[in-house]
Amino acid sequence: MNMQTKHTADITNAEESLAVQQAQSKFDSQAATDLAMQNTLLTPRFYTTDFDELDAIDVSPVRADWDQLIAEMEADPNKGHFKKNADWDTVDWDGMEPELKKEFIDFLISSCTAEFSGCVLYKEMKRRGSNADITKLFQLMARDEARHAGFINDALREAGVAVNLGFLTQKKKYTYFRPKFIYYATYLSEKIGYARYITIFRHLEAHPEHRFHPIFKWFEEWCGDEFRHGEAFALLMKTDPKLTAGKNVLWIKFFLTAVYATMYVRDHQRPAFHKALGVDPDWYAHEVFTKTSKLTEQIFPITLDIEHPRWQPTLEALQAANVQIAAGKKAGGFGGKLTELGGSLKAALAFVKLYTIPTVKHRVPESTRLEPAY
Amino acid sequence: MGLLTKDIERAPCTVEVSHCFESLHAHVRFNNGAVIYPGDEVKVHGPEIMAPFGQVVSEDREATIFRASKLEQLWTRLTGDFEVMELCEFSFSEEVTL
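Quick mapping for you: the protein sequence lines, in order, are chains A and B.
Reminder that position 283 of the first sequence reads as 283 in UniProt numbering, one-by-one numbering, no gaps.
Reminder that position 38 of the second sequence reads as 38 in UniProt numbering, one-by-one numbering, no gaps.
Check the hints yourself; a few may be wrong.
Derived DSSO-like pairs (lysine-lysine); straight-line CA-CA distance at most 27 Å [what the hints assert, rightly or not]:
no.	chain 1	residue 1	chain 2	residue 2
1	A	330	A	361
2	A	361	B	6
3	A	84	A	102
4	B	6	A	242
5	B	70	A	173
6	A	247	A	79
Label-pair restraints from in silico Cβ distances [what the hints assert, rightly or not]:
no.	chain 1	residue 1	chain 2	residue 2	range
7	A	68	B	30	32 to 42 Å
8	B	57	A	316	46 to 56 Å
9	A	207	B	93	19 to 29 Å
Everything labelled a hint here was simulated from the structure, so no lab data went into it.
For glycine and all other residues, C-beta sits at the position ideal for the given N, C-alpha and C.
Next comes chain A alone, as it looks inside the complex (with noise of 0.2 Å):
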């Protein structure tokens, strides 16, 4: 590529980063093939919030441990990473077994939707709050998932699947989440974001030959962002005690049992994926779980009892509901409603017995920062 303006990966402070990403303007050859490729739209949400609350937040009773977060995020560790190097192999599409593509290219889609979608909304974050220590914040974390969103991008490029950004011209509404919600589940995904990265990426250490792609190579790295967002919003909720006490800890259990059971239920829907690595997707769950609890334990009151005899048995129940739902809908007529209905009856009384298994409490540090040990 030709460079006149500076490169990110060459930068060191996050307003120049995001200048010069909005600086450059290049033109690629393949531009005209794009229009060739299969097309995909990217639809993110918009979200709206309660500005002001955000604007209020102190983070002087956590000072130390902010400055040092936001100066490590500002020094950008991670600015030369993402970027192809010897290591990305040459990738056999063609020869790859068809539902393995299909899976894994839904995996590549939903990831870089995900990492547009946080971007969408730090961004927004950024630019409607005044309080300069949480715009800096949500612009550092903005670039970070708008380079992981290009990443995973180039690699759907080469699979022949273009990534269609038009959905800005679509009516679209803005929905609303409180502030604490925000947090909760935005801490949360990005701490499993970081145990399930880790946990493939230590896997694939171990087991070469499951390493069917070269971006699995790169997770290491990149979940060393997720963990410093992770951080981030711990020490956000660390500024006002009232966020992790009282009737939020029913809340943060309320997050801790959907995040976990969409996980399990997720995962379970995408077999020969799971194969391809070599994982069997309850160990997976199971060690993603249990890396999980131990980072929350940071900043959240309780964990998960995962080791409940009936915390196992209920996931799989889930996963039944989940799949008689989908056989209702794709059956139709008023025999299939009846069957999505009790698929969605089971749901709702699979959530409520794991919500219902008693939460091991124990104390929270009264220092918050963690560093990744996994």
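Following the hints, position chain B against chain A.
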């Protein structure tokens, strides 16, 4: 803004789409300081903005903001939270079978 009536306003905006290896992002910025509230809908006019790979495209466009009624805004505030799980990345689509 009425309890049940929707207001419609036009706002100039800048749309930026980056389709680069270094960054894949897209944003709309209103140039008259218009602020979006829960339940509002936004439509950017004109043809789809397509940035070829390797390019950042920035275009000034006109957008229509369909303001939610008071009731709709309240409803979005009350129910939006139920959709918060969307923020979690699980790296797979919702399709049960592909």
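- request: Report the numbers of all earlier hints that the structure fails to satisfy, in ascending order.
  value: Per hint list: 1, 2, 4 and 6 violated.
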